[in-house]
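**Student:** Below, each chain spelled out in residue letters.
Number of protein chains: 4
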Amino acid sequence: MQRLSGFSVSRARDVKNALLFNSFHTQHTFSTAAAESTQESSVGRKFASYTIFKGKAALQAYPVLPKFCTTSSGFSRMEKNGVVMLVFWPAIGTRKYDWEKKQYFALSPTEVGSLVSLGPSDSCEFFHDPSMKSSAEGQIKKSLTIAPANGQSGYFANLSVMNNLTKTNERLTVAITKAEFAVLRTACSYVLPHIMGWDQVIGQEKQTQPKPVVDRPHPEFEWSR
Amino acid sequence: MQRLSGFSVSRARDVKNALLFNSFHTQHTFSTAAAESTQESSVGRKFASYTIFKGKAALQAYPVLPKFCTTSSGFSRMEKNGVVMLVFWPAIGTRKYDWEKKQYFALSPTEVGSLVSLGPSDSCEFFHDPSMKSSAEGQIKKSLTIAPANGQSGYFANLSVMNNLTKTNERLTVAITKAEFAVLRTACSYVLPHIMGWDQVIGQEKQTQPKPVVDRPHPEFEWSR
Amino acid sequence: MQRLSGFSVSRARDVKNALLFNSFHTQHTFSTAAAESTQESSVGRKFASYTIFKGKAALQAYPVLPKFCTTSSGFSRMEKNGVVMLVFWPAIGTRKYDWEKKQYFALSPTEVGSLVSLGPSDSCEFFHDPSMKSSAEGQIKKSLTIAPANGQSGYFANLSVMNNLTKTNERLTVAITKAEFAVLRTACSYVLPHIMGWDQVIGQEKQTQPKPVVDRPHPEFEWSR
Amino acid sequence: MQRLSGFSVSRARDVKNALLFNSFHTQHTFSTAAAESTQESSVGRKFASYTIFKGKAALQAYPVLPKFCTTSSGFSRMEKNGVVMLVFWPAIGTRKYDWEKKQYFALSPTEVGSLVSLGPSDSCEFFHDPSMKSSAEGQIKKSLTIAPANGQSGYFANLSVMNNLTKTNERLTVAITKAEFAVLRTACSYVLPHIMGWDQVIGQEKQTQPKPVVDRPHPEFEWSR
Numbered sequence: 001m002q003r004l005s006g007f008s009v010s011r012a013r014d015v016k017n018a019l020l021f022n023s024f025h026t027q028h029t030f031s032t033a034a035a036e037s038t039q040e041s042s043v044g045r046k047f048a049s050y051t052i053f054k055g056k057a058a059l060q061a062y063p064v065l066p067k068f069c070t071t072s073s074g075f076s077r078m079e080k081n082g083v084v085m086l087v088f089w090p091a092i093g094t095r096k097y098d099w100e101k102k103q104y105f106a107l108s109p110t111e112v113g114s115l116v117s118l119g120p121s122d123s124c125e126f127f128h129d130p131s132m133k134s135s136a137e138g139q140i141k142k143s144l145t146i147a148p149a150n151g152q153s154g155y156f157a158n159l160s161v162m163n164n165l166t167k168t169n170e171r172l173t174v175a176i177t178k179a180e181f182a183v184l185r186t187a188c189s190y191v192l193p194h195i196m197g198w199d200q201v202i203g204q205e206k207q208t209q210p211k212p213v214v215d216r217p218h219p220e221f222e223w224s225r
Numbered sequence: 001m002q003r004l005s006g007f008s009v010s011r012a013r014d015v016k017n018a019l020l021f022n023s024f025h026t027q028h029t030f031s032t033a034a035a036e037s038t039q040e041s042s043v044g045r046k047f048a049s050y051t052i053f054k055g056k057a058a059l060q061a062y063p064v065l066p067k068f069c070t071t072s073s074g075f076s077r078m079e080k081n082g083v084v085m086l087v088f089w090p091a092i093g094t095r096k097y098d099w100e101k102k103q104y105f106a107l108s109p110t111e112v113g114s115l116v117s118l119g120p121s122d123s124c125e126f127f128h129d130p131s132m133k134s135s136a137e138g139q140i141k142k143s144l145t146i147a148p149a150n151g152q153s154g155y156f157a158n159l160s161v162m163n164n165l166t167k168t169n170e171r172l173t174v175a176i177t178k179a180e181f182a183v184l185r186t187a188c189s190y191v192l193p194h195i196m197g198w199d200q201v202i203g204q205e206k207q208t209q210p211k212p213v214v215d216r217p218h219p220e221f222e223w224s225r
Numbered sequence: 001m002q003r004l005s006g007f008s009v010s011r012a013r014d015v016k017n018a019l020l021f022n023s024f025h026t027q028h029t030f031s032t033a034a035a036e037s038t039q040e041s042s043v044g045r046k047f048a049s050y051t052i053f054k055g056k057a058a059l060q061a062y063p064v065l066p067k068f069c070t071t072s073s074g075f076s077r078m079e080k081n082g083v084v085m086l087v088f089w090p091a092i093g094t095r096k097y098d099w100e101k102k103q104y105f106a107l108s109p110t111e112v113g114s115l116v117s118l119g120p121s122d123s124c125e126f127f128h129d130p131s132m133k134s135s136a137e138g139q140i141k142k143s144l145t146i147a148p149a150n151g152q153s154g155y156f157a158n159l160s161v162m163n164n165l166t167k168t169n170e171r172l173t174v175a176i177t178k179a180e181f182a183v184l185r186t187a188c189s190y191v192l193p194h195i196m197g198w199d200q201v202i203g204q205e206k207q208t209q210p211k212p213v214v215d216r217p218h219p220e221f222e223w224s225r
Numbered sequence: 001m002q003r004l005s006g007f008s009v010s011r012a013r014d015v016k017n018a019l020l021f022n023s024f025h026t027q028h029t030f031s032t033a034a035a036e037s038t039q040e041s042s043v044g045r046k047f048a049s050y051t052i053f054k055g056k057a058a059l060q061a062y063p064v065l066p067k068f069c070t071t072s073s074g075f076s077r078m079e080k081n082g083v084v085m086l087v088f089w090p091a092i093g094t095r096k097y098d099w100e101k102k103q104y105f106a107l108s109p110t111e112v113g114s115l116v117s118l119g120p121s122d123s124c125e126f127f128h129d130p131s132m133k134s135s136a137e138g139q140i141k142k143s144l145t146i147a148p149a150n151g152q153s154g155y156f157a158n159l160s161v162m163n164n165l166t167k168t169n170e171r172l173t174v175a176i177t178k179a180e181f182a183v184l185r186t187a188c189s190y191v192l193p194h195i196m197g198w199d200q201v202i203g204q205e206k207q208t209q210p211k212p213v214v215d216r217p218h219p220e221f222e223w224s225r
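Chains as they are written, first to last, in our numbering: chain S, 1 to 225; chain P, 1 to 225; chain G, 1 to 225; chain E, 1 to 225.
The set of hints was computed from the structure by calculation and includes no laboratory data.
Possibly wrong hints are sitting among the right ones.
A pair holds if it fits inside one copy or across any two, identical chains being indistinguishable in the list.
Unchecked claim - Below, a list of computed lysine to aspartate or glutamate pairs in the EDC-like style, where the Cα atoms sit at most 20 Å apart:
(1) Lys-141 x Glu-125
(2) Lys-178 x Asp-122
(3) Lys-167 x Glu-79
(4) Lys-56 x Glu-79
(5) Lys-80 x Asp-98
(6) Lys-80 x Glu-100
(7) Lys-67 x Asp-98
(8) Lys-96 x Glu-137
(9) Lys-178 x Glu-79
Note that the coordinates shown come from a computational prediction; the quantities given were computed from them, not determined experimentally.
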């Protein structure tokens with residue numbers, strides 16, 4: 001639907017096919033991680049993202065919700081924050097993109113906070129180590145920089161992936177217009193309380209309120225200390 | 001409910017009748033596109049919009065949600081973005097409007113982003129070609145300009161429709177006060193994540209979480225590359 | 001919970017009793033309008049408001065949702081906008097308020113837009129005629145002014161009710177701190193799409209989407225003209 | 001998930017265990033207040049928070065919803081505002097925190113309004129007396145100050161608890177980066193209408209609307225006075 005960026009029909013179809021392929025590929029990758037349960041649980045699941053196609057690369061963003069676990073006491077607590085997943089992949093010709101070379105960068109709630117509070121002349125930089133919890137720590141380094149474009153007309157998002165094993169350093173840059181950044185800012189502000197799990201705390205409380213029991217953390221609880 | 005703009009009773013009634021008629025007309029048009037299924041599915045459906053009546057024309061805005069399709073694998077993905085639909089129609093006398101001459105302009109998510117990030121002295125312009133995907137491409141050109149009014153008291157929304165076949169050029173202009181623009185900005189910011197489909201990604205995830213399977217795109221998934 | 005404004009216990013209790021009484025009184029008034037059906041339908045209904053108690057008067061705000069009507073075709077359309085209802089009532093002694101002298105002022109969506117976009121040194125004024133649609137038009141005039149306090153530390157909300165029949169002119173003024181105004185602004189921004197009915201358009205669309213019929217207003221509909 | 005602050009694995013685990021313990025402790029405390037009903041009602045309940053770990057102390061925030069009570073007439077009204085609960089607890093070594101020494105500070109809606117409207121060079125201060133409604137009034141004084149850090153790079157949150165009985169004065173200070181404050185601001189803005197109960201007013205109205213009775217507070221109700 002990138003009418004602004006002037007896609008022609010055939011081009012849009014290429015992109016669409018690419019995305020369709022992506023989607024299956026992505027689904028497959030999830031399957032790898034989730035074993036046989038995915039096939040079943042994907043029935044009825046929904047995917048939606050926001051994608052920006054530019055001359056040298058494309059950028060896609062979508063929300064990933066937090067994960068709750070049920071304790072032995074029967075209540076559930078957030079085990080892992082959600083994220084806003086960013087995917088970059090390079091152009092390999094005029095209006096052709098190579099999804100196979102995609103690179104992921106998962107924004108934590110605090111990184112999303114940094115993004116949504118970015119002033120027109122501010123920039124921010126995040127560093128991730130995908131192997132942080134393994135023996136391979138430090139071998140791959142990712143950094144994402146978001147810096148203002150000239151004349152405050154938007155931003156440049158620059159993802160750099162340095163791989164010490166393959167001695168490669170991939171750089172993917174996507175220009176984000178002011179309007180596109182407003183979409184990201186608005187969507188990320190909307191989604192932030194959801195990746196923090198606060199909407200689920202709120203949703204479930206309401207269901208228990210019709211019950212006449214006093215079982216919630218009492219505001220005056222503060223006073224008891 | 002445009003008390004601010006001082007409608008009298010009779011006038012408001014004219015408008016109401018016009019809108020009632022519109023609604024049936026609109027419904028009918030949808031039927032044309034959707035065949036016999038509409039009659040049935042319209043039961044229980046809801047319509048709401050925000051309308052600004054001014055001296056020379058009226059402007060109506062309402063959200064249209066994205067469309068998801070179900071894949072053969074059983075999950076569903078957004079097939080088409082939602083939009084914020086703008087409808088302009090001209091005044092044909094004091095407080096009388098001709099709905100038959102209405103013109104549509106569907107704002108994509110990025111165009112909505114442009115609208116909600118508009119500073120008090122900013123302006124924006126969008127170009128649409130309704131025949132873009134057909135042999136008639138270029139014969140009708142629509143452009144929407146939103147530009148600040150004098151003294152930053154609001155904006156002018158100007159829709160121009162140039163038709164090379166009928167050699168006509170219709171222009172419809174509606175002054176939007178600062179308060180009315182705040183309504184549009186707030187409502188469009190609210191609706192943006194919904195026309196992007198992000199609320200549906202979020203809503204359905206929550207339902208699958210009570211299940212003890214690990215079937216979601218894992219934040220650490222980023223690390224696996 | 002107005003800890004900031006320093007209520008003592010007994011005072012808070014007075015206020016609570018007053019509000020309890022109010023609530024029943026209000027409920028009763030609604031009954032008058034809604035006949036016997038209210039008694040039944042109030043079961044399970046919920047009331048919540050935000051109230052500011054100040055030296056000379058109190059101000060309460062709460063949302064009132066729009067009203068949809070079902071057409072003969074089976075779909076429903078918004079018949080009447082929702083509002084943010086403001087209620088002012090005077091103090092009649094130290095920390096005592098006379099709810100019987102309450103005055104209502106219902107903010108339309110556009111007036112809410114004016115409120116939420118108010119800059120720190122802006123002011124706004126709204127005029128309502130409660131008898132606008134009757135022979136008594138012009139006999140009672142209400143005006144609400146919201147103007148910045150000295151030093152941009154907040155606003156004064158001033159309600160004036162001029163009654164030509166009783167030759168009275170009541171004025172009720174409540175100082176709103178910057179923090180209290182932030183609550184009103186945030187809550188009103190939140191509630192605006194709801195009093196416009198947009199959340200209901202969005203909510204119901206999602207339910208119809210699992211159906212494999214193409215029955216929604218198509219974004220490309222714009223192109224068909 | 002505090003990648004930004006550079007936690008190593010073992011450290012993160014310490015924190016996690018601490019939080020797990022916290023959670024049970026917290027749960028237990030709730031049980032004390034809520035007697036036997038909690039055990040049952042906690043099944044299916046959800047907990048989520050946002051936590052900032054810094055060198056000298058940690059700060060956790062989570063929403064607590066308002067409490068509604070059912071009146072004899074069958075409708076329910078908000079009896080007690082929700083809050084945003086802040087919990088501070090001290091570090092007791094490098095990356096070790098003592099949850100046993102936690103201090104609570106419950107932000108009312110107006111205090112949340114103060115927080116979300118804080119400009120980059122503004123500060124605010126709140127005073128709470130946990131014994132305000134008892135004979136022990138004045139013996140414990142809590143104050144929370146949020147003041148800008150040098151160079152507008154964020155804020156310092158400073159909680160002071162003065163206990164006249166034990167002659168102690170505990171001070172807990174947490175530096176909040178600009179990004180972390182954006183998370184708090186966004187999450188608190190999101191949650192504000194919910195702790196005010198406005199979302200519940202809105203949610204329940206929608207359910208009663210399909211009924212063809214006119215039983216809602218009418219906007220024109222204002223005119224009737």
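**Student:** Return the numbers of the hints above that this structure violates; sort them in rising order.
**Tutor:** As far as the earlier hints go, 3, 4, 5, 6, 7, 8, 9 are violated by this structure, in ascending order.
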